[in-house]
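Engineer: Two chains, each in its own frame: build the complex with the hints.
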Amino acid sequence: MNNSKKSFFVALPFIAPFLLLILFFYFVPVVLTFIMSFTDMDFSLRWNFVGIDNYVKLFRDQNIGIVFMNTIKYVFFTLIINVGFGFLLAVITTYFIKNENKGLLFKTIWMFPRMTPAVIYALLWLWFLDPTESGMLNMLSNKLFNLPSQNWILNHPMTVIVIANGMIGASLGMVVFSSAIKSIPKTYFQVASVDGASDWGIIRYVIIPFLKWPLMFMTIWQTLSLITSYEYILLITDGGPLNRSEVWSLYSYHKAFKNYEFGYGAAISMVLVIIAVIIAIIMLKLFGYDAMMNKNKIKKE
Amino acid sequence: MKHRLMPFISKALIYIFLILTTLPIIIAYLWLFTSSFSKQVTFGIIPKNFTITNWRFLWDEIKLGLTVFESIWPITFNSILLAGSVTILEVIISLMAGFALSRLDFWGKDFIMKCTIILHAFPGVALLIALYYVLNFASLIDSIIGVVLVKVALELPMATWMIKGFFDEIPWDIEWAAYIDGCTKFQAWYKIILPHIKPGIAAVAIFAFLAGWSEFIYSYIFLFSSKNYTLSVFIKNLIGDFRFLDYGLLSAAGLFYLIPVIVFFLISQKSLMKVQFGGIKG
Chain H
1 MNNSKKSFFV ALPFIAPFLL LILFFYFVPV VLTFIMSFTD MDFSLRWNFV
51 GIDNYVKLFR DQNIGIVFMN TIKYVFFTLI INVGFGFLLA VITTYFIKNE
101 NKGLLFKTIW MFPRMTPAVI YALLWLWFLD PTESGMLNML SNKLFNLPSQ
151 NWILNHPMTV IVIANGMIGA SLGMVVFSSA IKSIPKTYFQ VASVDGASDW
201 GIIRYVIIPF LKWPLMFMTI WQTLSLITSY EYILLITDGG PLNRSEVWSL
251 YSYHKAFKNY EFGYGAAISM VLVIIAVIIA IIMLKLFGYD AMMNKNKIKK
301 E
Chain R
302 MKHRLMPFIS KALIYIFLIL TTLPIIIAYL WLFTSSFSKQ VTFGIIPKNF
352 TITNWRFLWD EIKLGLTVFE SIWPITFNSI LLAGSVTILE VIISLMAGFA
402 LSRLDFWGKD FIMKCTIILH AFPGVALLIA LYYVLNFASL IDSIIGVVLV
452 KVALELPMAT WMIKGFFDEI PWDIEWAAYI DGCTKFQAWY KIILPHIKPG
502 IAAVAIFAFL AGWSEFIYSY IFLFSSKNYT LSVFIKNLIG DFRFLDYGLL
552 SAAGLFYLIP VIVFFLISQK SLMKVQFGGI KG
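Chains H and R are the protein sequences, given in the same order.
Our numbering puts the first residue of the first sequence at 1, with every later residue one more than the last.
Our numbering puts the first residue of the second sequence at 302, with every later residue one more than the last.
Keep in mind that a hint or two might mislead.
Interface residues of chain R toward chain H, partial, derived using beta-carbon atoms under 10 angstroms [stated by the list, open to error]:
# : residue
1 : ILE315
2 : TYR316
3 : ILE394
4 : LEU405
5 : TRP408
6 : GLY409
7 : GLY483
8 : PHE487
9 : PRO500
Just so you know, the hints here were simulated from the structure itself, not pulled from any lab data.
Built from N, CA and C at the ideal position, the CB exists for glycine as well.
Only chain R is shown next, with the shape it has when bound in the complex (with noise of 0.2 angstroms):
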């Protein structure tokens, strides 16, 4: 009897500390759309009279005292600019670097992929200070592309990274057939190569579209007028000013500026949790 009973009451209790460490991660998440939805909360997450006037930042302004906030729309807009542009450039940038890393074989090569190593790892916002001298010597402060910039070499080094890896599975014959048949370089990458690790583009792509959209520091330090504000400024000043006054107001913020990156994470789920750390090796 005991022989069968001890698996089960140790099954039991790992099941119990999951669910008890887990909780609280739901809890929160649940109290974020059901507090977005109702006047109040009770026990934290029941919601208690439905309203949507938590969502009147949609087509509403937001007021507190004098204090008028602005419209939300041109502040999502900047968000999807600064996060559509740090995709493309970062794709296209990575696609190009971690081609000739992996397929290329030239002069200085080696020293670039110790670069690349040890940037990878190397936090950039160490560098907060500088950067901040840098776009501003290239007049590049208080704008989107900027903050842009900076954030696309700051992750280029990763993406490079797991780009070559993808790069480095495509068999050479592949890429030599296209030679024989009389593409050059640039047409052997951009027509043979590139449609075969196209699952892996969309890895890198949604990384680093996620990335971008979830964007704070650069934003909150190198975007300093209003209109070039993104989600997440506008969300940290709202917080801000409202923290204890609304919460409903602010959950529904929240939950608006959440959405595309559920739905980008239940679409790459998969692949997240697959996420290889370039040089993990038994």
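Chain H with its partners taken away, still in its complex shape (with noise of 0.2 angstroms):
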């Protein structure tokens, strides 16, 4: 028995209740989806295997198209919001703003949202928009503009999904972009000010480059949870009116749990889940595995 075989039965019992959950809710259902997608599985959960006929239907289905063109309007938009907006709170809450208080003070209020459980964020929303006038924006529109009250999620129903996301995910964009900023030299802002740049050269040629790994990593790391996650939009619109904010994760959700289309559901996950492995290569190639690695504290006994 070699060393390293004999370390495994060392390390085994810390590992394997890990490597249990993880086989049991990871890889076995991953296995799952793929084999479902070729079932008609419903309710009663039984196999019957149908070939590829679920995905020759994903290619006729009538409403793929509008589905599709909503996930990439959905996933473009937020991660503007996501990345573009989450960098200006970080640049403002920790560059503009000396005073580390008073940064900190908006940090906070902005992380709220995401600590708050998804079903209180969408209250909040709902009676933010609600279509009558004890919705906060109808309020404000009738006593300010006179303008009527209108139903603002049936109205704008990609609009709305798209701020709600955006405002979760730019905190963590604010939060991560920040701890980048305070990590860059002092030297290098004053060197900076001593040349006479303005506050825009400052964020142009020394914040920008300093981030330009974050700002990548968060990207990516934003494309795929916003692809994959439809929480907020089964709660706030449910994909509503008529489809209009219906996107590629919730459908699959609705064909497998509204309509009990368990197999057809599969075969939308599938893609999911196929987009989300190349994303985590690329992460992976991107970032490279030892710079994602840390160090390991390992000494030969």
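Structural biologist: Have a look at this one:
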């Protein structure tokens, strides 16, 4: 028995619970999703193989066009808020506001939507956009601009879900970019201001180059989570009205748990699983396996 | 003159921008608070007629026509059970796995590390349908334990990664001294190393608790009998029925659900701001 095999048995008790959970709730589901996508399984959970019927159906599905376009729009515009506005918040609260407590106050407020349970966050939006005068936005537009009340969610479903998700994502960008800005050596700022650089110049030539990797990382990371997450959309618009805010991941959910077409839902999910694996591998390649690993502290006994 | 005025104006503009964008958040949470304690709110956030009837769900049944909602206390207990179990399991399992990944060298470790990084980015919701099958197969559907296991598994790569980072910080000498004194691997882990990473453990525990407490989608799909409901599912159902009728009741129930989050958030706010994303290097 060689040494590394022996050490495997030393490590096993520590690692076994981790491996078991990962096996049953990640690997098995990935394989199952793949196999299920070739069946017409419904709520009775019987395996009845139908070949590639689900994928053919996917191409002929008349909703898939609008769902696809919605997904692209949703991911693109939310990403701008998540990364762009998150960056803006980080620069303002870390670079422009020199007083650390004031910066922290704004950061704390922006963290609130992120910490709030999804159900409550959705409730706040439903109230804010309430179609009657009890909603904040209608009250404001009545009082300030003398406009009649309107049903915001019905009239602008995509805008609503983009902003609602953007506010959540922006805070993550803010936290990550803030700590990156803080790690820029102070001398760079000093040299730049001695040279007479404006604030804009400092952002353009000092902060952005230093934040290249975090910005890129955040963009890819958020793309992945936006493509697959639908919790807030489900709670605020539920994809409606008439699929106008239905995105790919939510479509899979609706097919499976509303129409009980598990097989077809799995086929729709499979597209996401493949995209997720590709993006994860791109991340690994781009940011480098070694760079992502912290240095290990291992000494041979 | 112009030289001194310009920075002032640009600074003022920045503050105005920041305050305008932040205001909706402040208003929304202010509304949640005031509307839960008043019969009516004017201008969205100014309370009128103080009342506590919105909080009647704490001591009374909520009725709507013929439907009677469950009492909130067993449901709160379910939420505590869920969040508590997620916390305990996630902390223990990630402490063990993080230790092995940081301190031991073993066959297959490289593969496990790579998987952890990929899974860390891999979204669990894409697997919802298959998870339903797995839970059903294991007879864990419609049980809180099932939701706990799913939640722990999906949070585990992230937690393990964080914990591994904390272990990496501890000098080898400390552990080495333990072995000299005759400790086994397990004793060294439990008695010598763990006390050194208490702050890290606290951070992971708070993250896990909040994740479990806020959990919605898995409870919503995997729990269907009302005795197993958690607060998120309960409030989701309340919103469905009372949305256009009684915002007072909804905001009170929402605030009730939000209290632990606010408490934990304020305790751990500093460490949350420093949240490290295993992998970001400039």
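Engineer: Taking the earlier hints as the rules, which of them does this structure contradict?
Structural biologist: 7, 9
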